[in-house]
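Enquirer: Residue-level listing of the chains:
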Amino acid sequence: MKFKTQKIAYWFFAAAMLLLVLQIVYGFIMGFARIGMDGLHEWIPFNTARATHTNLLIFWLLLGFMGSAYFIIPEEADRELMWPKLAWIQLGSFVLVGVVALVGYHVNWWEGRKFLEIPRPLDYLVVVNVLVFLANIGMTVWNGKRYTTTSIVLYFGLLAAALLYLPGMIDFDNQTLDSFYRWWVVHLWVEGVWELIMGALLCYLLIKLTGVDRELVEKWLYIIVGLTFLSGILGTGHHYYYIGAPRYWLMVGGIFSALEPLAFLGMAIYALAMAKKGGRRHPNKAALNWTLGSAIMSFVGAGFLGFAHTLPQVNMWTHGTLVTAMHGHLAFWGAYAMIVLAMIAYALPVMTGRKLWDNAASGFAFWLSNIGMVGMTGALAVAGITQVNLERRMGLDFLTVQKEIEVHFIGMLLAACLFLVGILCFLWNFWRFGLPSDEAVHSDVRAAEEDVSTPEPARAS
Amino acid sequence: MLSKFQARAFFLGGTVVFAGIFLILTFDTHRKIPAQTNSEMITPQVAAGKKLWEQNNCMGCHTLFGEGAYYAPELTKVVDRRGKDWIKIFIKDPAAMFPGQRKMVKYDFTDQQIDELIAFLEWCGRVDLNGFPADPPLKKLMQPAAGATAGAGASGELPATVAAAVPLPVMFEQKSCTGCHRILGKGMPGVMLPNAVTGEVVAAPALDLVFQRKTREELIAWISDPQKVKPGSPMPNLVPALVSPQEVEQMVDFLLDLKAHVTPAN
Numbered sequence: 001m002k003f004k005t006q007k008i009a010y011w012f013f014a015a016a017m018l019l020l021v022l023q024i025v026y027g028f029i030m031g032f033a034r035i036g037m038d039g040l041h042e043w044i045p046f047n048t049a050r051a052t053h054t055n056l057l058i059f060w061l062l063l064g065f066m067g068s069a070y071f072i073i074p075e076e077a078d079r080e081l082m083w084p085k086l087a088w089i090q091l092g093s094f095v096l097v098g099v100v101a102l103v104g105y106h107v108n109w110w111e112g113r114k115f116l117e118i119p120r121p122l123d124y125l126v127v128v129n130v131l132v133f134l135a136n137i138g139m140t141v142w143n144g145k146r147y148t149t150t151s152i153v154l155y156f157g158l159l160a161a162a163l164l165y166l167p168g169m170i171d172f173d174n175q176t177l178d179s180f181y182r183w184w185v186v187h188l189w190v191e192g193v194w195e196l197i198m199g200a201l202l203c204y205l206l207i208k209l210t211g212v213d214r215e216l217v218e219k220w221l222y223i224i225v226g227l228t229f230l231s232g233i234l235g236t237g238h239h240y241y242y243i244g245a246p247r248y249w250l251m252v253g254g255i256f257s258a259l260e261p262l263a264f265l266g267m268a269i270y271a272l273a274m275a276k277k278g279g280r281r282h283p284n285k286a287a288l289n290w291t292l293g294s295a296i297m298s299f300v301g302a303g304f305l306g307f308a309h310t311l312p313q314v315n316m317w318t319h320g321t322l323v324t325a326m327h328g329h330l331a332f333w334g335a336y337a338m339i340v341l342a343m344i345a346y347a348l349p350v351m352t353g354r355k356l357w358d359n360a361a362s363g364f365a366f367w368l369s370n371i372g373m374v375g376m377t378g379a380l381a382v383a384g385i386t387q388v389n390l391e392r393r394m395g396l397d398f399l400t401v402q403k404e405i406e407v408h409f410i411g412m413l414l415a416a417c418l419f420l421v422g423i424l425c426f427l428w429n430f431w432r433f434g435l436p437s438d439e440a441v442h443s444d445v446r447a448a449e450e451d452v453s454t455p456e457p458a459r460a461s
Numbered sequence: 001m002l003s004k005f006q007a008r009a010f011f012l013g014g015t016v017v018f019a020g021i022f023l024i025l026t027f028d029t030h031r032k033i034p035a036q037t038n039s040e041m042i043t044p045q046v047a048a049g050k051k052l053w054e055q056n057n058c059m060g061c062h063t064l065f066g067e068g069a070y071y072a073p074e075l076t077k078v079v080d081r082r083g084k085d086w087i088k089i090f091i092k093d094p095a096a097m098f099p100g101q102r103k104m105v106k107y108d109f110t111d112q113q114i115d116e117l118i119a120f121l122e123w124c125g126r127v128d129l130n131g132f133p134a135d136p137p138l139k140k141l142m143q144p145a146a147g148a149t150a151g152a153g154a155s156g157e158l159p160a161t162v163a164a165a166v167p168l169p170v171m172f173e174q175k176s177c178t179g180c181h182r183i184l185g186k187g188m189p190g191v192m193l194p195n196a197v198t199g200e201v202v203a204a205p206a207l208d209l210v211f212q213r214k215t216r217e218e219l220i221a222w223i224s225d226p227q228k229v230k231p232g233s234p235m236p237n238l239v240p241a242l243v244s245p246q247e248v249e250q251m252v253d254f255l256l257d258l259k260a261h262v263t264p265a266n
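One line per chain: the protein sequences are Y and W, in this order.
The first sequence begins at 1 in my numbering and counts up one residue at a time.
The second sequence begins at 1 in my numbering and counts up one residue at a time.
For the record, the hints were derived by calculation from the structure and aren't laboratory data.
Watch out, some of these pointers could steer you wrong.
[Said to hold, decoys possible] Derived DSBU-like pairs (lysine-lysine); straight-line CA-CA distance at most 35 Å:
| # | chain 1 | residue 1 | chain 2 | residue 2 |
| --- | --- | --- | --- | --- |
| 1 | Y | Lys403 | W | Lys32 |
| 2 | W | Lys84 | Y | Lys403 |
| 3 | Y | Lys2 | Y | Lys276 |
Values in this document were obtained by computation on a predicted structure and should not be read as measured data.
Could you put together the complete structure from these sequences and hints?
Expert: Laid out in structure tokens, this is it:
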């Protein structure tokens, strides 16, 4: 670690991990409800559990992104964070708003729009909070000793994510328009600007872990995020097939979503190629596993499984079924959860000065959580395909079909247990690292971390 | 080989071009959506229904236009499928309608709010969704099997000529019977639901010829408390909250009187 203020990242990561555990708890509540064990229905009905589950995901990923930015930006800009105290305030207030929102979901206070359930008054607080975050990061970049592609892409990813939050706050009486602009937020986040953030984090980790020349890694970063936007922006059309928007979206969405896997494939090949090229073997194997794992699983989950139901002819039958949940789980896990876990796995040794990177727990964490998540995705896939055939193709009643596919949720719950054990191993390691320390600044860990790439020429601020 | 400058130009150029196309299409879509969705039919009542839909996070279980969670049925065409009367009764006490099945929150909606929700769902059902949800293409292959299970599927109905001649009391629609049963040419053709105890899937029989199978006492006992007669049955418990004992008697009398209108072939 080069700068003291990078330590703030630790607390963002710690908060993110707590919320991840809570997210898993709510996942279990839903899983059990689906096999008929809905004893919590009076207090936590399914719609509460569902909104809490998905919002916790968004919430902890954002905390992870913010923590990563607080960790990366000072180093890339080669200076301390502009306003460290403000970062603390921002963390505290962000968590507070999130907790209020989550409690609200339990007392029927929300704005029931999928993924954007946060009640409107809290929306404004989120906006203010994110502006504070962007100002802090932005001023650090602006006043930095150097501008790197990684930091610029990361910053613009975060800025665009904040801007794209706004269309979700426009009120419409027309459900179709409401839905149309809701996807501006949801789709353009996860299949657009979040990939800028992911790409930048991937790029940073590859530079650090493989020792490949920064110029080369960053050049390909541009190509990857370029492909992402090329396919992803018009790929939004795959949400517009059947919501009351004009028919041409079937064509536009179909063609460009078919291209989306290419961007993810590019990302996976990029990460693997860089890792292969890097002659230097970084001792932090866990971080490298998570980094490469993220690139590969995002291709499988977001790219391949997304493509599996994105063509309009297929989507006509799969739209609104568990097939979507199947794709959603592996996509979020691969593309975003794993990259945040990769950042944490990389940053913890650097922030705490402890080299706990190669142990049994970190191996278990990686493999069990991944196998568990693939298992959950498989169970959802079987359930989803069965639902499509029985309900959509044969016309059986909804509840009858749900009864038929109950058994797959037992499978899903078992896989989820495996996943949970993996995550608990990760947390156990997290705990053992202890708190970040000022002594870690320029410690011997740093020596192993020495960035061998050539930084871009320093510019006067 | 590609330089970093070219790579950046590819990224910036591609983003600007495709974002531009996206904005143009958005502009066009925004212009066309009102016609495609009959936005002139969005009355204050429909708008109020949409608010209720959001304030209670209905999307957290149901799907609408195929969007939402996948825990409860798709509701885009629900007014066509179930009818307003059925929905009104259902929302007042969802658990009564599907005994022992997956639960829905019992909301304390006023009659006015229920009407607003139904108006909203009715508007949704009329939006041109480019063919979604499509009719199940394999359903026609299923019909013979379904008829056999139902027992009373097609064969349990009065001849169409007789059915058309006898008017069905509105009570049968208002009290949601036709949401599952078929009678005198009206209602759902044998909705199939699982028994909550045994898991066996059973079809709601057509009621035209029920006089052949059941006595007056049996019918009254059945409608008044189905769970007592057949535990786990998907037949809802509507008495006395939604259907009064007097109404039960009226229904049963009507069903038995159908005998006068027909001399079955065998």
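Enquirer: Each hint needs a verdict: does it hold in this structure or not?
Expert: These are the hints, each one checked on the structure:
no.: 1; hint: Y/Lys403 <-> W/Lys32; verdict: violated, 41 Å
no.: 2; hint: W/Lys84 <-> Y/Lys403; verdict: holds, 26 Å
no.: 3; hint: Y/Lys2 <-> Y/Lys276; verdict: holds, 27 Å
When the structure is compared with the earlier hints, a violation turns up for hint 1 alone.
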